[in-house]
Amino acid sequence: MVFEYAPAPESTSIVDIQTSYGLFINGKFVKSKDGKRYKTINPATEEVLSEIVLAGKKDVDAAVKAARSAYGKWSKLPGATRGKYLYRIARILQERSREFAVLESINNGKPIRESRDVDLPLVAAHFFHYAGWADKLEYAGVGPNPQSLGVAGQIIPWNFPMLMLAWKIAPALAAGNTVVLKPAETTPLTALLFAEVCQQAELPPGVVNIITGAGETGSALVNHPNINKVAFTGSTEVGRLIASSVAGTNKKVTLELGGKAANIVFDDAAIDQAVEGIINGIFFNQGHVCCAGSRLLVQESVKDELLDLLYERMQTLRVGDPLDKNTDVGAINSAAQLAKIQELAESGDTEGADRWTLKCELPEKGFWFPPTVFTNVTQAHRIAREEIFGPVLSVLTFRTPQEAIEKANNTPFGLSAGIWTEKGSRILEVANNLRAGVVWANTFNKFDATSPFGGYKESGYGREGGRVGLEAYLKSGDK
Amino acid sequence: MNDLSIMKTHKLFINGAFPRSESGRTLELKSSKGQFIANLARASKKDAREAVLAARSGFQKWSIATAYNRGQVLYRVAEIMQGRKDQFISELVTQGASKRDAEKEVQNSIDRWVWYAGWSDKLAMVNGSANPVAGNFFNFSVPEPTGIVAIIPESKPALYSLVEAIAAAIVSGNSCVVLVAKNSALAAISLAESLATSDVPAGVVNILTCDIAEVAPHLAAHSDVNAIDFMGVANKELAISLEKAAAENLKRVLRPTKTGTQGLNRIKAWLEIKTVWHPRGY
Amino acid sequence: MFTDDLLAMPDYFSEATASQSALKKFLHGLRQVDKVGADSRAAVLATRSIKNNAKNEGIDLAISMIDLTTLEGMDTRGKVKTLCAKAKRPDPLDSSVPSVAAVCVYGDMVPYAKKELTNSSIKVAAVATAFPSGRASKEVRVQDVREAVANGADEIDMVIDRGAFLEGHYLDIFEDIQRVKSACGDAHLKVILETGELNTYDNVKRASWLAMLAGADFIKTSTGKISPAATLPVTLVMLQAIRDFHKATLKKIGMKPAGGIKTTKDALKYLVLVKETLGDAWLTPDLFRLGASSLLNDLLMQRQRMKSGHYSGPDYVSID
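Protein chains in written order, with the working numbering: chain A, 1 to 479; chain B, 480 to 761; chain C, 762 to 1081.
To be clear, the hints were calculated from the coordinates, so they are not data collected in a lab.
Every value quoted in this text rests on a predicted model; they were computed, and no experiment measured them.
Hints may contain errors.
[As the list claims (entries may be wrong)] 27 Å max Cα-Cα, derived BS3-like pairs, lysine-lysine: (1) A:Lys303 x C:Lys796; (2) B:Lys524 x B:Lys661; (3) A:Lys359 x C:Lys812; (4) C:Lys786 x A:Lys423; (5) C:Lys1013 x C:Lys785; (6) A:Lys303 x C:Lys1012; (7) A:Lys446 x B:Lys540; (8) C:Lys786 x A:Lys303; (9) B:Lys753 x C:Lys796; (10) C:Lys796 x A:Lys446; (11) B:Lys753 x A:Lys446; (12) C:Lys942 x C:Lys875; (13) A:Lys325 x C:Lys1026; (14) C:Lys785 x A:Lys423; (15) B:Lys540 x C:Lys1023; (16) B:Lys661 x B:Lys578; (17) C:Lys1008 x A:Lys359; (18) B:Lys583 x A:Lys76; (19) C:Lys812 x A:Lys325; (20) B:Lys583 x B:Lys564; (21) A:Lys84 x B:Lys578; (22) B:Lys564 x A:Lys84; (23) C:Lys1008 x A:Lys303; (24) C:Lys796 x A:Lys325; (25) A:Lys73 x B:Lys583; (26) B:Lys753 x A:Lys423; (27) B:Lys540 x C:Lys796; (28) B:Lys583 x A:Lys84; (29) B:Lys747 x A:Lys84; (30) C:Lys796 x A:Lys423; (31) C:Lys1068 x A:Lys325; (32) B:Lys540 x C:Lys986; (33) B:Lys723 x B:Lys635.
My request is simple: use the sequences and hints to build the entire structure.
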């Protein structure tokens, strides 16, 4: 081996993880009233990181109360003042960006390069963007005199902990709402660190409350009678439960759920860049992405050429220690998720698809799944229909653009899609016909604070990002 | 202890630096109480010409920066202004404002600058559109900055008017050449210092203290200036002659009016809308 | 997929190069390159963190790949002499430093370089074909090569006619390269595309294929006389073309980025690109060179720092 890369570990001395955490309610950390405790771990090493609260009903109640009592003042502040708080938060996040990135990788399993170069910059940008909306709400498109909704109960997933937190908190606060946020069970640490940022920014107590917990806590929050808005990002399964449980209430709901995106490669695609897009689409963040390009729809005439290049390119993927700056693919977030991936991958075998697995050395401890490609997949296979949420690509073929569209749309999901072709008119016509909330042409997994994100059909409803993202947190003030 | 203060030299702000006027002339500035304050640099038409060259080069860089980046830079200007709050206040007082009015004005100016900074990455959403043309075309309109804006801001309130005029022009990527009369000179120069220390590329903002009636006509007639904001020209004849001169290369103009043009409408005065068509088909 | 005939050009290449229209069809039929995608792939590869023994190895590898260059109107015998001394012994205080791959000079300076490098393995490369602009008649361009070869050049770095390229006269360029290759004799041929003037990655890809089909041993980005010179994304596009050409013909063509590579960090980024696009087989001076002059001193200072643990300075390397 020539010029083999030496280990390049990012130092963890920048983070200071406490042995245990309470709940962040009313501007400070408090003990749980009726919750139990559990341990959060580093999925790459299975090392225990800290003891976390599973907030109970009384805790949820206290948090909602705090948010409600802070709401009166917060919503009446001039927008410019709310904006200034958000600018402070954005700046502090930029300043502490490295610390957050390291902690994110430790608790989530994603490579430090991603948390450092993708997640955290997007987080800060999101707060910046919405800081600038706080004093311009009359331009949000909700009428000349928009009003906030009240208290928002927000539940976020484990795949992009800080980014999902930013997507929820920033617009809510800009619009004048106060929040109770529940981070995912397996990734509480960066949300708890964010509480410190709120304190450093001198955010009025109660405007942001962070309560940790699992399904029960989330359910208690969603069903709490004194919240006005529910925002959820997670599985379609839980999304259904939430949608049903708010029936009969006045609660506004937005849901960002699962996906099974088609990444469509036409015969005239810029093939090297398409290969990068495919890899980015399914192996970025270990495939733990709702909008992952998990179905490769390749035009039959270029299938072999594309797959040859894809397998060749995959050989340079580095799977391993998330804290190594050269790692491309990190750890699976939990044992439970790993089991799900394995089960679905096995179904690929039993249902008759052909499995190709990247040969790579996986660490002994921790949760790992090697990048995998299934070919000869058909629409009927489970691996073509169900969200795997792992580094597993299902390859299907199509003959014509019409057929590609039909296959791409043939799913209850509708979050995202990719189109690879050098022909502009084809991009626009295909995009026009895809039933997906985000269409990437000649790129994939691109996010921006100004770019609305959300799904069609069972991928949820509502959009996050941009002007449109404010609509979820405002109502018209007109009588 | 020797507590004799060091007197500040008040120079022009061109291309990110602070040169004296090439003409060597000055304008004597006295405080509202008649005390000598400074010999301000008195810009000439050649200085204005240099400023336009700087503005063109600044525009090349600034207009291709991402909206996010421009917003960040402008926000940083506000941070610097906040740090110089006392300097701004004392200068407004020197030039005749009451302490209370000065404090209010400085706070409002900083807040207004922040308000403008937040527009950078929102203009395209509010001022652009996808247009549902009748045909198999994808059609979208995007706002773009027009280029170099010559600015003669209102003289009262001194700082706030500068903020309103300058931020409205540069938030979308334009650059500007600002002519400032004696009465707003101190605020303008401190604003220039804030700009110079905060990542705004050289040439994006150029500030020239001068005799407005002498220099403005040269900017109004300059063929490489794309637009002119002369809301600060109270003299009717001068205003008319500037507008006529601007007509030569069809500059976009913003005249003085009673109610004025503020906020989003002022930003829009310096935007071009570009509409693009592309067919849709396999 | 392709024939077992090692080093034989597949049939369709000889058809593709048989006429101007066939060649144009072939080059314009190559898959396009998405600029943003190529830029972002190069940018991610540039984040590779090269530390400790990898850095040590990279530094020595980079030094051994340098074509130490002087191409100034004011070059003199004295200048060439000191350049060659540096090439042989880059660090006067450390004999463990590898020597560079070659020195690169104008054709008329070749004899002086040859004299200085008589007993070393360092090659003498000469720029030719009316470098850097290439604007001269066919005959003058080839004569320039002949003289450099007669003076003893081991390698020839030629420039393609960019005007002809932008006019689409691909066959003229093809034949020009063939003539030059023929005049090279045993000398190996690097073809400079001057990517900064080609402007698009699609053009860079086409020019790369054109040069390889015509017989280039190496394809090279730039003369170093205009900006932009070598960039990571342009290099990536060229490396991918080399990869594809190798798949089709089993011929290994070398690559040389030149101009604008100033720091050790830059050099290591280029090595990463090569490693992750073409693999370890190309990480040798026989297939990869760096066209640079001031880069060497930065590599030496970094090497000193790796050894001593503290930062070095310009006083500890020679200025030639």
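| message | For each hint given before, does the structure comply? Return the numbers of the non-compliant ones in rising order. | response | When the structure is compared with the hints, none of them turns out to be violated.
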